[in-house]
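Novice: Modelling step: build the complete structure from the supplied sequences, incorporating the hints.
There are 2 protein chains.
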Amino acid sequence: MNAINWSDWRIPDGKALDLSRLPTLPKASSETDKLQWPARMTVLAEELNRLQAMLYASKTRGLLLVLQGMDTSGKDGCIRTVFAHISPLGVRAEAFGVPQALEQRHDFLWRIHGKTPALGEMVIFNRSHYEDVLVPVVKGQIKHAECEKRWHHIRHFESLLSDSGIAIVKCYLHISKDEQKKRLQARLDDPLKHWKVQASDFEDRRHWRAYMHAYAQAIQATSSDTSPWFVVPADSKAYRDLMVAELLVHTLQSMTLCMPRPTLDVRDFKMK
Amino acid sequence: MNAINWSDWRIPDGKALDLSRLPTLPKASSETDKLQWPARMTVLAEELNRLQAMLYASKTRGLLLVLQGMDTSGKDGCIRTVFAHISPLGVRAEAFGVPQALEQRHDFLWRIHGKTPALGEMVIFNRSHYEDVLVPVVKGQIKHAECEKRWHHIRHFESLLSDSGIAIVKCYLHISKDEQKKRLQARLDDPLKHWKVQASDFEDRRHWRAYMHAYAQAIQATSSDTSPWFVVPADSKAYRDLMVAELLVHTLQSMTLCMPRPTLDVRDFKMK
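Chains as they are written, first to last, in UniProt numbering: chain F, 1 to 272; chain C, 1 to 272.
I should point out that these hints are in silico values taken from the structure, not numbers from a laboratory.
Check the hints yourself; a few may be wrong.
Put simply, identical chains are the same to the list, so a pair is met inside one copy or across any two.
[What the hints assert, rightly or not] Below, computed lysine-lysine pairings styled on DSS-like, alpha-carbon distance capped at 27 Å:
1. Lys59 x Lys139
2. Lys149 x Lys59
3. Lys59 x Lys143
4. Lys115 x Lys149
5. Lys196 x Lys177
6. Lys115 x Lys59
Only a predicted model underlies this, so the values are computations on that prediction, with no experimental measurement involved.
Specialist: Below, the structure is given as structure tokens:
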């Protein structure tokens, strides 16, 4: 099969970005390709498992995966699939909702910093500090100058993590407005999905273009060599998960991890 | 009396600094001045109390006091005296020792960020993130380039706090090597002070000049308009405490705090 070209979806630093020009579906995939996706996912899941065990044992690097996207873009689903076969030992998923009272009395990175990965850890942010340059912008709660300041703080915050050995991968799960319509309708139709339905989903949908603009601005202002953004076509769930898995495996492979040296000579120990 | 000219001791941004040229005792104070210090301290303590209550009630600003200095320079004593008459409600003192295992697996600002003041709070750092650009430098554990990166991260971290409403006051308690000798001897002589004696105090004393150089470099690299450093002459305990109190009162006064508006009309309530 053709390998997933995740590098096609990497957003270069500082270039103007128009999300409406980026596809929400993978480039023409043959049916043969699609049939091979599940097999590829199995290979990646095993590789991810092997690499994560090495990350955990060696404790020389850490990994932060930031997942952002409109409602129904598949953040929860992606985490469930990609990390299905990984031990929670050394892996954490952190969800960030509307800031609570105490959080609001701190800078916007305070609650985020506390949840960042330690060396040896892989952490998934289900939403993140990027919410603070999206929601308040669309709602008109902060001016452009304030928003620029926040991008600036985000860049420096992420460079601090990167300087400390944390690799950062940021994925924007890119779905079309039509696909969201189908998925929201599916939630309304299925009583088992009702718990996920929120009034804000429908409110945010009305501001679709404003959100696309805010996302594009934030992504182009904060994509860098050490903390890149990827715009992941997310109308196809299988392709979305495959691409995130490919990205993680690639990132871990490029760390050239190895198991730590034993602290004792194993030959000294004889089983009796 | 002559007011304490704290502004004399403010370190301008980026200027070369030689701590051995700065006095560890106040400029010639007449005995009459000295006699008036206790009265001035009482006035300041009351004002600090009044302003802190307003800070706590209004929750629009916060204050961070960073205390650094060689062993016996008086960080503990200064906190004890200046905050003696202040309610711990809204006031926290945080001490930072040698980083523990989990802390070492995070960036050096991780444990610091979690302890920063919320709006409404006054927080004292008894040692701080500055330890990470002092101890490892003197011990040769990090190179100059790594140290410069840390200064850079510190500047951005403090600008994040400042942008979020936190006023920052950083005090280096400046004692002479001779005065330290007297104070260490006093600790050795007094069984009630033995708990404070640590082998590292004597070790660090041997590297006095290296510490002075590392302090000077860190202070000049991180003093700014919104996060200034003050070199407080600290051979006189009374003067040291007075100056820190003056600084805090001045900083709180310049916030032009006021009590929050009541959320209800108090005239609606009649006592029966």
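Novice: Hints first: check each against the structure and report whether it holds.
Specialist: These are the hints, each one checked on the structure:
Taking CA atoms no more than 27 Å apart as the test, Lys59 paired with Lys139 passes between copies only; the shortest distance there is 24 Å, against 41 Å inside one copy. Proximity of Lys149 and Lys59 under a CA criterion of 27 Å is satisfied inter-copy only: 22 Å between copies versus 33 Å inside one chain copy. Taking the shortest Cα distances, Lys59 and Lys143 sit within 27 Å of each other only across copies (22 Å), while inside one copy they are farther apart (41 Å). Within a single copy, Lys115 and Lys149 get their C-alpha atoms as close as 22 Å, and across copies as close as 23 Å, so both meet the 27 Å cut-off.
For the homomeric pair Lys196 and Lys177, the shortest alpha-carbon distance inside one copy (18 Å) is at most 27 Å, but the shortest distance between copies (65 Å) is not. For the homomeric pair Lys115 and Lys59, the shortest alpha-carbon distances inside one copy (17 Å) and between copies (25 Å) are both at most 27 Å.
When the structure is compared with the earlier hints, no violation turns up for any of them.
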